[in-house]
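2 protein chains.
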Amino acid sequence: MHQPQVTAFRWVPAFAQGLVRDLRVRWALEEAGQGYQEHLIGPAQQQSSDYRQQQPFGQVPVLKDDEQTIFESGAIVLHIAEQTTALMPSDPALATQVKTWMFAALNTIEPPIMMLNVIDMQPPAIAQAAHELRANVAGMIGVRLNSLAAFLGNREYLAADRFTSADLLMTTVLRILRTTDLLATVPSLDAYKSRNEARPAFQKALAAQMDTFERHAPQQ
Amino acid sequence: MHQPQVTAFRWVPAFAQGLVRDLRVRWALEEAGQGYQEHLIGPAQQQSSDYRQQQPFGQVPVLKDDEQTIFESGAIVLHIAEQTTALMPSDPALATQVKTWMFAALNTIEPPIMMLNVIDMQPPAIAQAAHELRANVAGMIGVRLNSLAAFLGNREYLAADRFTSADLLMTTVLRILRTTDLLATVPSLDAYKSRNEARPAFQKALAAQMDTFERHAPQQ
Numbered sequence: 042m043h044q045p046q047v048t049a050f051r052w053v054p055a056f057a058q059g060l061v062r063d064l065r066v067r068w069a070l071e072e073a074g075q076g077y078q079e080h081l082i083g084p085a086q087q088q089s090s091d092y093r094q095q096q097p098f099g100q101v102p103v104l105k106d107d108e109q110t111i112f113e114s115g116a117i118v119l120h121i122a123e124q125t126t127a128l129m130p131s132d133p134a135l136a137t138q139v140k141t142w143m144f145a146a147l148n149t150i151e152p153p154i155m156m157l158n159v160i161d162m163q164p165p166a167i168a169q170a171a172h173e174l175r176a177n178v179a180g181m182i183g184v185r186l187n188s189l190a191a192f193l194g195n196r197e198y199l200a201a202d203r204f205t206s207a208d209l210l211m212t213t214v215l216r217i218l219r220t221t222d223l224l225a226t227v228p229s230l231d232a233y234k235s236r237n238e239a240r241p242a243f244q245k246a247l248a249a250q251m252d253t254f255e256r257h258a259p260q261q
Numbered sequence: 042m043h044q045p046q047v048t049a050f051r052w053v054p055a056f057a058q059g060l061v062r063d064l065r066v067r068w069a070l071e072e073a074g075q076g077y078q079e080h081l082i083g084p085a086q087q088q089s090s091d092y093r094q095q096q097p098f099g100q101v102p103v104l105k106d107d108e109q110t111i112f113e114s115g116a117i118v119l120h121i122a123e124q125t126t127a128l129m130p131s132d133p134a135l136a137t138q139v140k141t142w143m144f145a146a147l148n149t150i151e152p153p154i155m156m157l158n159v160i161d162m163q164p165p166a167i168a169q170a171a172h173e174l175r176a177n178v179a180g181m182i183g184v185r186l187n188s189l190a191a192f193l194g195n196r197e198y199l200a201a202d203r204f205t206s207a208d209l210l211m212t213t214v215l216r217i218l219r220t221t222d223l224l225a226t227v228p229s230l231d232a233y234k235s236r237n238e239a240r241p242a243f244q245k246a247l248a249a250q251m252d253t254f255e256r257h258a259p260q261q
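Protein chains in written order, with the numbering used here: chain A, 42 to 261; chain B, 42 to 261.
For the record, the hints were derived by calculation from the structure and aren't laboratory data. Idealized CB from N, CA, C, for every residue including glycine. Certain hints may be false.
[Claimed, not checked] From the structure, some residues in chain B lie toward chain A, with a derived Cβ separation under 10 Å:
1) 117
2) 163
3) 172
4) 183
5) 184
6) 223
[As the list claims (entries may be wrong)] To be clear about the criterion: a stretch of chain B counts as covered by chain A if any three or more of its residues have a C-beta under 8 Å from a C-beta of chain A, and this derived list gives those stretches:
7) 95-104
8) 173-181
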């Protein structure tokens, strides 16, 4: 088999560095011990009809392997996880638990976090006018984080008593809170995130993304 | 096999009726020709530690079958789809396309739509103060809807040239826009949604949810 190809951005501004969704795919491939090629794109390719045929929303990542082209970070991580026990146990009931928590990361925890992110990225006047809304959204996130922490309790991982693709996605979702103090208010969750970030596969994936941005940083 | 059990709310206010996420599971089971039992809960059960052990966030739906208890509507629909060709082709490459669009529905299209929904559900003074933010979020949704419509083109379905669990999820996501005029601005997408809603399995699922709410409506 040829090495799969991961499409990622050549460069993004600092606020997005270390958060772009190809990090999820790089991490999954590192956990699986699978080498990959980078395919780097910029704003022009993002808008091109050629790229839209691979990724209808012009986003990254896209994964191309010998068999097919896949988009959506969640779908790509699931695809990789289905091919290796490094990310998901082969037992069907345990695999279902892992997939449940993958969806929980992306459809229960991430949406309110992205909502806060969108508010904080607005021009200052618009963000300021929405400060009461922001407080309510932060409250919604707090409720979800506390529920998540209550579930985790003394567990080290979300499912199957081991690191899985569910922890991978949840960790990348919790990282989006890095410009807020919300995670610091739930220390057990902060520790959970740090524990997963300490994995060598995460460190390699993050370094690969950051190195790319450094190599392509705009000239001063 | 015993009939699976679907946990749903006994009653919700009108604005949420026809949108609560157990609709996705009811619809999937109807498409699969699988009968089910309802397990109805109210706010007290939602908060109970017993229920939190099944659903850590206190949400619905939960699916219980002979083998296990699953939460997250996306994970439940995937679990059902993996057991029947009614919702997902058995060909692995086509199944991957279906799963890709399932994640696109829940992680690319739904989050900005839910953001608008959260803004519109705020107390009037807070929503009014956030009207510029709302316009920007509506713009983000418009961009995504147009990308989705461009992908669909003359296609009837998202993946595999047939109705799948991807169309099921996407349709339930687009329905959340019913109190806005955003979908009306993309007629092909509005038609796509209506086409899927016309399926007998959807109609049965919607009727089952609405009947439950009618039976348990608070006394005037």
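task: Compare the structure with the hints numbered earlier in the document and write down the numbers of the violated ones, lowest to highest.
output: 4, 6
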